[in-house]
Amino acid sequence: MSGSGNVGIVVVSHSADIARGTADMVRQMVGDEVPLAFCGGDPDGGLGTNVESIMAAIDAAWSDRGVAILVDLGGAETNSEMAIELQPEERQGRIVVCNAPIVEGAVMAATEASGGASLEDVKRTAEELSPS
Amino acid sequence: MSGMTDMRASGAVLLTHPVGLHARPSVKLTKLAKTFRSTIEISTAANGPWIDAKSIVKVMAAKVPQGSELHVRAAGDDASDAVAALIGLVEDDFGEANADAANG
Numbered sequence: 001m002s003g004s005g006n007v008g009i010v011v012v013s014h015s016a017d018i019a020r021g022t023a024d025m026v027r028q029m030v031g032d033e034v035p036l037a038f039c040g041g042d043p044d045g046g047l048g049t050n051v052e053s054i055m056a057a058i059d060a061a062w063s064d065r066g067v068a069i070l071v072d073l074g075g076a077e078t079n080s081e082m083a084i085e086l087q088p089e090e091r092q093g094r095i096v097v098c099n100a101p102i103v104e105g106a107v108m109a110a111t112e113a114s115g116g117a118s119l120e121d122v123k124r125t126a127e128e129l130s131p132s
Numbered sequence: 133m134s135g136m137t138d139m140r141a142s143g144a145v146l147l148t149h150p151v152g153l154h155a156r157p158s159v160k161l162t163k164l165a166k167t168f169r170s171t172i173e174i175s176t177a178a179n180g181p182w183i184d185a186k187s188i189v190k191v192m193a194a195k196v197p198q199g200s201e202l203h204v205r206a207a208g209d210d211a212s213d214a215v216a217a218l219i220g221l222v223e224d225d226f227g228e229a230n231a232d233a234a235n236g
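Line by line, the protein sequences give chains A and B. Start counting the first sequence at 1; every next residue gets the next number (the numbering used here). Start counting the second sequence at 133; every next residue gets the next number (the numbering used here).
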């Protein structure tokens with residue numbers, strides 16, 4: 001999918017079920033034209049997020065147009081930011097964390113991305129949901 | 133862009149989808165609208181207020197209920213095609229005429 005002309009979406013939750021369910025909603029409501037990956041939970045089946053999984057999800061959803069990450073709470077955001085910092089230089093500036101509710105934001109961001117919107121527009125659309 | 137960007141078209145259609153214009157129908161309408169170059173707006177009244185049919189957030193926030201008359205207007209070189217396509221989508225019940233409304 002790395003050749004896709006659309007911004008990719010990454011879903012990062014503390015819960016593997018929430019991450020997978022959010023991705024399911026994106027696939028069913030928006031479709032397959034947006035690169036999409038998700039991660040959540042720790043290897044033992046508990047709650048958590050980790051940098052390695054987020055980096056793998058970024059790789060899976062990578063698009064030259066960029067990647068927008070939707071997160072749930074605290075560690076999901078800080079680990080996502082760390083995963084971004086560890087990306088190769090050529091990807092810097094093309095990965096953003098959206099300040100938006102994870103489920104609604106993922107669907108809105110993917111809908112915007114499916115039309116070929118820029119990373120900035122995808123992020124803005126997801127964040128339009130949030131109370132300002 | 134061509135010099136024909138001032139072409140305008142409009143139309144209206146009854147929204148019969150059992151749960152109105154909410155999540156899945158909104159996504160479909162917005163995605164379809166984005167495939168056209170024209171500016172496209174929708175409203176539940178002929179005199180507005182009009183909202184951008186390409187904005188998923190605005191379309192979903194409008195929560196247009198079943199039984200509404202949905203007005204569509206477009207401006208741009210593919211305005212007529214855009215209006216026809218959006219009205220066709222609504223007439224086709226968003227391609228999910230047999231879908232369970234509870235899943236909407």
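Keep in mind that the hints were calculated from the coordinates and are not lab data. Even for Gly, the Cβ is constructed at its ideal location relative to N, Cα and C. One thing to keep in mind: the hints can contain errors.
Some but not every residue of chain B turned toward chain A, in silico, with C-beta under 10 Å [claimed, not checked]:
#, residue
1, R140
2, A165
3, K166
4, T171
5, A178
6, N179
7, S187
8, K190
9, K195
10, Q198
Ranges between beta-carbon positions, derived for each pair [said to hold, decoys possible]:
#, chain 1, residue 1, chain 2, residue 2, range
11, A, G116, B, Q198, 46 to 56 Å
12, A, L86, B, P150, 44 to 54 Å
13, B, S142, A, G31, 41 to 51 Å
14, A, Q28, B, S142, 42 to 52 Å
15, A, L86, B, G199, 29 to 39 Å
Chain A residues, not near chain B, derived (Cβ > 10 Å throughout) [as the list claims (entries may be wrong)]:
#, residue
16, M29
17, G31
18, G45
19, N50
20, M82
21, E89
22, R91
23, V107
24, E112
25, G116
26, S118
27, T125
28, E128
29, L129
Next item on the list: Hints the structure violates: just list their numbers, smallest first.
Entry: 1, 4, 5, 6, 9, 10, 11, 13, 14, 15, 16, 17, 23, 24, 25, 27, 28, 29
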